[in-house]
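Assemble the complex: chain A is given as a structure, and chain B must be docked to it using the hints.
These protein sequences, in sequence, are chains A and B.
Each step along the first sequence adds one to the number in UniProt numbering, with nothing skipped, and position 24 is 24.
Each step along the second sequence adds one to the number in UniProt numbering, with nothing skipped, and position 132 is 132.
Because the hints were derived from the structure by calculation, they are not lab data.
Since the model is a prediction, treat every value here as computed from it, not as a measurement.
Using N, Cα and C, we set each Cβ at its ideal position, and we do this for glycine too.
Quick list of the computed label-pair ranges, beta carbon to beta carbon:
id: 1; chain 1: B; residue 1: Q277; chain 2: A; residue 2: F163; range: 40 to 48 Å
id: 2; chain 1: B; residue 1: E188; chain 2: A; residue 2: L114; range: 42 to 50 Å
id: 3; chain 1: B; residue 1: K61; chain 2: A; residue 2: G196; range: 48 to 56 Å
id: 4; chain 1: B; residue 1: Q289; chain 2: A; residue 2: K54; range: 20 to 28 Å
id: 5; chain 1: B; residue 1: E47; chain 2: A; residue 2: G145; range: 57 to 65 Å
id: 6; chain 1: A; residue 1: Y140; chain 2: B; residue 2: D272; range: 42 to 50 Å
id: 7; chain 1: B; residue 1: K58; chain 2: A; residue 2: L114; range: 44 to 52 Å
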Amino acid sequence: MKSETSIHKWKLTVTIIVGFLLLFISFVASLSIGAYSIDFSKVLSSLFVQDGSKDEAIIETIRLPRAVVGMLIGASLAIAGAIMQSITNNPLASPQIFGVNAGASLMVVIGVVLFPDLAPNTLVYFAFIGAALGGVIVYYMASTGGGMTPVKLALAGITVHLFLSSLIEGVVLFNETSTEDVLFWLAGGIDGRNFGDVQILLPWTLGGVVLALLLSKSLTILSLGDDVARGLGQNIGLIRGTSAVIVIVLAGVSVAIAGPIGFIGLMIPNIVRTLIGSDYRIVIPVSALLGAVLLTISDVLSRFIAFPAESPVGIVTALIGAPFFLYLARKGGRTA
Amino acid sequence: MKWTLRILTLAFILFLAACGSDGDDSATGSEDKEEGADTEETTRVIEHEMGETEISGKPEKVVALEFSFVDNLASLGVSPVGIADDNDKERIIEPIREKIGDYTSVGTRKQPSLEVISSLQPDLIIADMKRHKEIYDQLSEIAPTIILPSLAADYEGIIDSFETVSMAMGMEEKGQEVLQQHKDRMEELRAEVPEDEERTVLPAVVADSGYYAHNMESYTGSLLESIGLKNAIQSGDARYNKINLEQIVEFNPDVMFHMNSGEQTVVDEWEDNELYQDVSAVKNDEVYQVDRNMWSRFRGLISSEKILEDAIGYLYQ
Numbered sequence: 001m002k003s004e005t006s007i008h009k010w011k012l013t014v015t016i017i018v019g020f021l022l023l024f025i026s027f028v029a030s031l032s033i034g035a036y037s038i039d040f041s042k043v044l045s046s047l048f049v050q051d052g053s054k055d056e057a058i059i060e061t062i063r064l065p066r067a068v069v070g071m072l073i074g075a076s077l078a079i080a081g082a083i084m085q086s087i088t089n090n091p092l093a094s095p096q097i098f099g100v101n102a103g104a105s106l107m108v109v110i111g112v113v114l115f116p117d118l119a120p121n122t123l124v125y126f127a128f129i130g131a132a133l134g135g136v137i138v139y140y141m142a143s144t145g146g147g148m149t150p151v152k153l154a155l156a157g158i159t160v161h162l163f164l165s166s167l168i169e170g171v172v173l174f175n176e177t178s179t180e181d182v183l184f185w186l187a188g189g190i191d192g193r194n195f196g197d198v199q200i201l202l203p204w205t206l207g208g209v210v211l212a213l214l215l216s217k218s219l220t221i222l223s224l225g226d227d228v229a230r231g232l233g234q235n236i237g238l239i240r241g242t243s244a245v246i247v248i249v250l251a252g253v254s255v256a257i258a259g260p261i262g263f264i265g266l267m268i269p270n271i272v273r274t275l276i277g278s279d280y281r282i283v284i285p286v287s288a289l290l291g292a293v294l295l296t297i298s299d300v301l302s303r304f305i306a307f308p309a310e311s312p313v314g315i316v317t318a319l320i321g322a323p324f325f326l327y328l329a330r331k332g333g334r335t336a
Numbered sequence: 001m002k003w004t005l006r007i008l009t010l011a012f013i014l015f016l017a018a019c020g021s022d023g024d025d026s027a028t029g030s031e032d033k034e035e036g037a038d039t040e041e042t043t044r045v046i047e048h049e050m051g052e053t054e055i056s057g058k059p060e061k062v063v064a065l066e067f068s069f070v071d072n073l074a075s076l077g078v079s080p081v082g083i084a085d086d087n088d089k090e091r092i093i094e095p096i097r098e099k100i101g102d103y104t105s106v107g108t109r110k111q112p113s114l115e116v117i118s119s120l121q122p123d124l125i126i127a128d129m130k131r132h133k134e135i136y137d138q139l140s141e142i143a144p145t146i147i148l149p150s151l152a153a154d155y156e157g158i159i160d161s162f163e164t165v166s167m168a169m170g171m172e173e174k175g176q177e178v179l180q181q182h183k184d185r186m187e188e189l190r191a192e193v194p195e196d197e198e199r200t201v202l203p204a205v206v207a208d209s210g211y212y213a214h215n216m217e218s219y220t221g222s223l224l225e226s227i228g229l230k231n232a233i234q235s236g237d238a239r240y241n242k243i244n245l246e247q248i249v250e251f252n253p254d255v256m257f258h259m260n261s262g263e264q265t266v267v268d269e270w271e272d273n274e275l276y277q278d279v280s281a282v283k284n285d286e287v288y289q290v291d292r293n294m295w296s297r298f299r300g301l302i303s304s305e306k307i308l309e310d311a312i313g314y315l316y317q
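Just chain A, with the same shape it has in the complex (with noise of 0.2 Å):
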């Protein structure tokens, strides 16, 4: 028992230590690359020293509030798949396959439609009705009939992702003055990000991460099984629904200000929890972590696809997060 646990806290460390490493990389690089070219010495001492160049006004008004809102919407859609996935024992859970992301952005859709002038900070809120709405369809088809099943809930998903969609490409459809830039919104992309911007994510993100964190027991506890749950005293309703809430603020707000940015999610959990194990009180903020590494490298790596011009970050996260769906979907297959 004894070498297990140090074996596990070794593991920890390790991820940590790498995660934060991964961390640090990618965030220079989003300060580094881009179609403005600036010496690499000089994105490092940018950092420290002002000195009213050219180079660091692109730095600092241009790719730093771009690499700061990846990161956190980075994390606020891991910590995202992670609680999803603990309150519904399945690993496929995730904003995307849970309509919820698919919801935001309809909702966000007909908000910037029928009132063009709508501000940002307005919109958040379109994407949180949105949110769970996809989520509440989602939830209610994929558990009726006696439980939730990995397979009911990808169909349910799928289906219910489908349907929103379909609606949202109708009210583009008929909306043609603002089609090319709604498209490229629903790819998903933090290309263009500024410190508004910032401003609008950081409330929303740290109030999530935060309650993310006080509940993470509760989520290691629920991750057993609602029985177990039940029998250690928790307060099962309480415990969703305050994860539901978490969860709807988290996605919504990513979702208002970078579009539906998919499989972060998905992906982000299920390798920590193959990692570390499954105590939440780690799960979740190491999910942060990488949450945040996988995005900041998602959007450097975006950037090479047109050069010199933009490409939504989620077209590269997809292209990740496609084949790692499919390998989950296979496992999660043959064990039950």
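Same frame as chain A, but now just chain B:
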């Protein structure tokens, strides 16, 4: 997401095709009788992007599914009966609206209504390669259809399309005449640009969600290049590129033509940023707001002349 759309579109089209086929037959039947009187020799084969189409006589009821074809028809002095105008008559630019008079809207360019098109009983449909390739068969059932590049064409491609349209209309001579006039006018306009013009230009659609730059191969870009105004973006696989302030700083255009889409745009956000104020065009006060309908959507002979007149007006007067 794309698939849903495709399947829905397909279902919709099949439904329409099933409904429409009876009506169509009788329509073409009566037409045949009418045209029967016309001599066989007026029948000609027009080659286009999707193959060959036989057209007889002079088509009188023409439906245009892209604005550039409306421009082409207007140049030939023909008024189309139906236009895919995105349900917004304002999108037809003033000089062309005057020429063509009344028409029926057949819906959006992206999703034109086959039912309305069919009800107009056209004898020629002109459609765009990129947007309407997939409904070519359905359109052909309604009337002879030719598919030409418009959305993805550069200025040269637009001229080629005009020639095809004039042949399809049985107005080749008139077409050559109009084209010659256009070319003369273009020469005049070119002469107004000094030989040593070195400023780079950047036309772009400016929306709330981003800055969509048109590079040297885009229609607007290639048109401006044709009179000696070099585009600031000489690279990129796509003709329309979403770019950020960072890329604008890098390309540093000397003149910017902004086609605004919506009240708020990304440029409003950028205006406070020193980097934007330092871009050559902004520093020298050479940022011009231009009409998106004219500058980007129309892509025809008349609009090409108007764009260049606009540009020259801003740059040299």
